[in-house]
Amino acid sequence: MRTFLDFEKPIADLEAKIEELRHLASDDTVNIAEEVARLEGKVNKLLRQTFAKLTAWQKVQVARHPQRPHGADYIAALIDDFTPLAGDRSFGEDAAIIGGLGRFRGQSCVVLAQEKGHDMATRIKHNFGMPKPEGYRKAVRLLELAGRFNLPVITLIDTAGAYPGIEAEARGQAEAIARAIDACLNAPVPIVSTIIGEGGSGGAIAIATGNRVNMLEHSVYSVISPEGCASILWRSSDNAQDAAEALRITAQDLEKLGVIDAIVPEPLGGAHRDPGSIIADVGTLIEDQLRPLLLLEGAALKQQRREKFLEMGQKGL
Amino acid sequence: MNWLTNFVRPKIRALVSRGAELPDNLWVKCDKCGTMIFHRELEASLHVCSQCGNHMRIDTAKRLSLMLDEGFIKLEMPKPIVDPLKFRDKERYTDRLKRSHAKTTEPDAISSAAGTIGGVPAVVSVLDFGFMGGSMGIGVGDGFVAAAREAVARKAAFIAVTASGGARMQEGILSLMQLPRTTIAVQMVKEAGLPYIVLLTDPTTGGVSASFAMLGDVHLAEPGAYIAFAGARVIESTVREKLPEGFQRAEYLLEHGMLDTVVTRAELRGTLAKILRLLMRAAPLPALESSAPLSPPLSPPLSAA
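Protein chains in written order, with my numbering: chain L, 1 to 317; chain H, 1 to 305.
None of these hints come from the bench; they were simulated from the model.
Among the hints, erroneous ones may be present.
[To be verified] Pulled a few chain H residues facing chain L out of the computed Cβ check, cut under 8 Å:
1. 88
2. 94
3. 97
4. 101
5. 141
6. 246
[To be verified] In the EDC-like style, the derived pairs of lysine to aspartate or glutamate whose C-alpha atoms are separated by at most 16 Å in a straight line are:
7. 86(H) - 15(L)
8. 90(H) - 245(L)
9. 42(L) - 73(L)
10. 302(L) - 191(H)
11. 42(L) - 15(L)
12. 17(L) - 40(L)
13. 103(H) - 59(H)
14. 86(H) - 245(L)
15. 256(L) - 227(L)
16. 125(L) - 81(L)
17. 308(L) - 242(L)
18. 62(H) - 83(H)
19. 190(H) - 236(H)
20. 315(L) - 83(H)
21. 98(H) - 76(H)
22. 74(H) - 150(H)
23. 79(H) - 261(L)
24. 86(H) - 253(L)
25. 45(L) - 20(L)
26. 256(L) - 167(L)
27. 90(H) - 93(L)
28. 242(H) - 93(L)
29. 90(H) - 167(L)
30. 315(L) - 217(L)
31. 315(L) - 253(L)
[Said to hold, decoys possible] Which bits of chain L does chain H cover? Going by a derived footprint, with three or more residues having C-beta under 8 Å, they are:
32. 38-50
33. 168-181
34. 265-274
The beta carbon of each residue, even a glycine, is placed where N, CA and C say it ideally should be.
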């Protein structure tokens, strides 16, 4: 059962009609087939029109779509011999960041992927994709492991943000994020980061300072959630749509600002309508980006990352 | 110009200014215990309440002269792009900026100075909470990077004094990018073999705490300073329970291993000077300079036995 977003109402209505027609056993099958084809054409046109000009707020909803492919889906499809590695060696294991070793297109690598979960049980297990300090400390441990064995790192970002809770603060959430940023920037190996859904502020950038940073076409990446920004600056979370526009959180805006390197086009109607194809396309892009990076020395990779981030903010929109 | 501004307003201004001549800040109320403190006494106590020890927020000029030896120089801060997103909420970002400029007379929320602390060369960067809540945008990031480079060039210790509500929302994703940018600055100082010391003051939260504020070789904090990643209100709305007493205060962070020490304002310069001397003037002791052994071994080496 597909979940439809508010703005997809007309599309949902048409698709429901198509379903209905398909289930109509009748004598004049030909006419029904024709009608279905006609409606499908209409749906596609509507999808194309709607998704060609999604507002920032609509993109937020697409990026948060419950059926959007998540970190674990990418790992399952792209990484062979995936071997999860758990724990930060000082407090615990945090399933909001899945980490491990595996083989990407034959190349041994380290993978760090934020995972939100897809039903109640898995959402609770992965804490809705909101990492705690131990998640970031595990990331640091695996980044160091990657450095020791000269393995490239693939990071997949999808989080509303780092978990804002009492224990997370008690165990030093801020320090854990700062150390993760530090470790990413210091790693003597290639890092390719891709925002596959939500890039929620510090919780996202902690593992997103790659040599290459990509975004899916309808993913978002922001310093604060539109709701949070609205409640601070507009003093009402009802203005989340205004905040989403003002904050410039879309892949298209971030590319213009020089913050990301590439945008992966999504299937018509969003990644959730064809997870297989979007995951394959992300895989192709990562491979293309990793190949030249694998030829560089550790110091050059580090230098490239530094220059890339130090240059940011020189141009506005 | 019309008759109103030409003729009536000066009179009104005269009326108002007579009132304004009366000093209205002779007594300052401690925001913690409510004690009224005479302004001279407050100056003498470095803006610490004599009754409850509350370390009140102080401006950048006071902070710099409190920390550095006399004769320091303020560093020119870079002038980055202004309002890259053309951000507007209920009011324009550029208007908010103008107000903060007028209030603090600083170009942005960061100021830096070079000088010495107890005779040891140091570059100090201070965030000013009075400038848009000390929030970190491109201006703060650029200022921090420039100060770190200055420290490296001068072979000086780098000291960051933090006070910030976090990243500057009005610069969107570019403010988030200041987390890696300031982290790179810290790495440059550390790679040059120089100390990077953080003094966390009230309040230090969000993107600043999740980057350069938590990457120091040594973390000092002022008593009672609020230090957090997520603010108390955000946490309360997530966990829907009351937060423990003293949660996210400097003493709490000290207990949880995030700080090296909590230091009062009166002890600050002395503590800093001691740490800097220990780190940067480690050798040589007079005895080590000569070729003679430091002291005779207590017992013959095992191999000779």
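Structure-based check of each hint:
A distance limit of 8 Å between C-beta atoms decides the matter here; for residue 88(H) the minimum to chain L is near 6 Å, and the interface restraint holds. Violation of the interface hint for residue 94(H) is found here, the shortest Cβ-Cβ separation to chain L being roughly 12 Å, above the 8 Å cut-off. With a cut of 8 Å, the hint placing residue 97(H) at the interface with chain L is violated, because the nearest CB-to-CB distance is about 14 Å. With 8 Å as the threshold, the beta carbon of residue 101(H) stays out of range of chain L, its nearest partner Cβ sitting at about 19 Å, so the hint is violated.
Evaluation of the residue 141(H) hint against chain L yields a held restraint, the C-beta minimum of about 7 Å falling below 8 Å. Given hint, residue 246(H) at the interface with chain L, is violated; its Cβ is 12 Å from that chain's nearest Cβ, farther than 8 Å. A distance of roughly 40 Å separates the Cα atoms of residue 86(H) and residue 15(L); the hinted pair therefore is violated under the 16 Å criterion. For a cut-off of 16 Å, the pair hint linking residue 90(H) to residue 245(L) stands: about 13 Å separates their Cα positions.
A distance of roughly 30 Å separates the Cα atoms of residue 42(L) and residue 73(L); the hinted pair therefore is violated under the 16 Å criterion. This hinted pair checks out: residue 302(L) and residue 191(H) have alpha carbons roughly 13 Å apart, not beyond 16 Å. This hinted pair checks out: residue 42(L) and residue 15(L) have alpha carbons roughly 10 Å apart, not beyond 16 Å. Of the supplied pair hints, the one linking residue 17(L) and residue 40(L) holds, its CA atoms being roughly 10 Å apart against a limit of 16 Å.
Under the criterion of a C-alpha separation no larger than 16 Å, the hint pairing residue 103(H) with residue 59(H) is consistent with the structure, at around 11 Å. For the given pair, residue 86(H) sits about 11 Å from residue 245(L) by alpha-carbon distance, which is consistent with the 16 Å threshold. At roughly 24 Å between alpha-carbon atoms, residue 256(L) and residue 227(L) are farther apart than 16 Å, so this suggested pair is violated. At most 16 Å may separate the alpha-carbon atoms for a hinted pair to count; residue 125(L) and residue 81(L) exceed this at roughly 23 Å.
Distance check on the hinted pair: residue 308(L) and residue 242(L) sit about 30 Å apart at the alpha-carbon level, beyond 16 Å; violated. Under the criterion of a C-alpha separation no larger than 16 Å, the hint pairing residue 62(H) with residue 83(H) is inconsistent with the structure, at around 29 Å. Restraint check for residue 190(H) and residue 236(H): not satisfied, since their Cα atoms lie roughly 37 Å apart, outside the 16 Å limit. Of the pairs offered as hints, the one joining residue 315(L) and residue 83(H) holds, with about 10 Å between alpha carbons and a cut-off of 16 Å not exceeded.
About 19 Å separates the Cα atoms of residue 98(H) and residue 76(H), which puts this hinted pair outside 16 Å; it is violated. The hinted pair formed by residue 74(H) and residue 150(H) meets the criterion: a straight-line CA distance of about 12 Å does not exceed 16 Å. Of the supplied pair hints, the one linking residue 79(H) and residue 261(L) is violated, its CA atoms being roughly 26 Å apart against a limit of 16 Å. Of the supplied pair hints, the one linking residue 86(H) and residue 253(L) holds, its CA atoms being roughly 13 Å apart against a limit of 16 Å.
With a C-alpha separation of about 20 Å, the suggested pair residue 45(L) and residue 20(L) falls outside the 16 Å cut-off, and the hint is violated. For a cut-off of 16 Å, the pair hint linking residue 256(L) to residue 167(L) is broken: about 38 Å separates their Cα positions. This hinted pair does not check out: residue 90(H) and residue 93(L) have alpha carbons roughly 43 Å apart, beyond 16 Å. Of the pairs offered as hints, the one joining residue 242(H) and residue 93(L) is violated, with about 26 Å between alpha carbons and a cut-off of 16 Å exceeded.
The suggested pairing of residue 90(H) with residue 167(L) is violated, with an alpha-carbon distance near 35 Å, which exceeds 16 Å. Distance check on the hinted pair: residue 315(L) and residue 217(L) sit about 22 Å apart at the alpha-carbon level, beyond 16 Å; violated. Simply put, residue 315(L) and residue 253(L) have alpha-carbon atoms about 12 Å apart, close enough for the 16 Å limit, and the pair holds. Taking a C-beta to C-beta cut-off of 8 Å, the region 38-50 of chain L contributes 0 residues in contact with chain H, too few for the three needed, and the coverage statement is violated.
Figure legend: the region 168-181 of chain L, annotated as covered by chain H; annotation consistent (12 residues with Cβ-Cβ distances under 8 Å, at least 3 required). Closer than 8 Å: that is the beta-carbon criterion, and the region 265-274 of chain L has 0 residues meeting it against chain H, so the requirement of 3 is violated.
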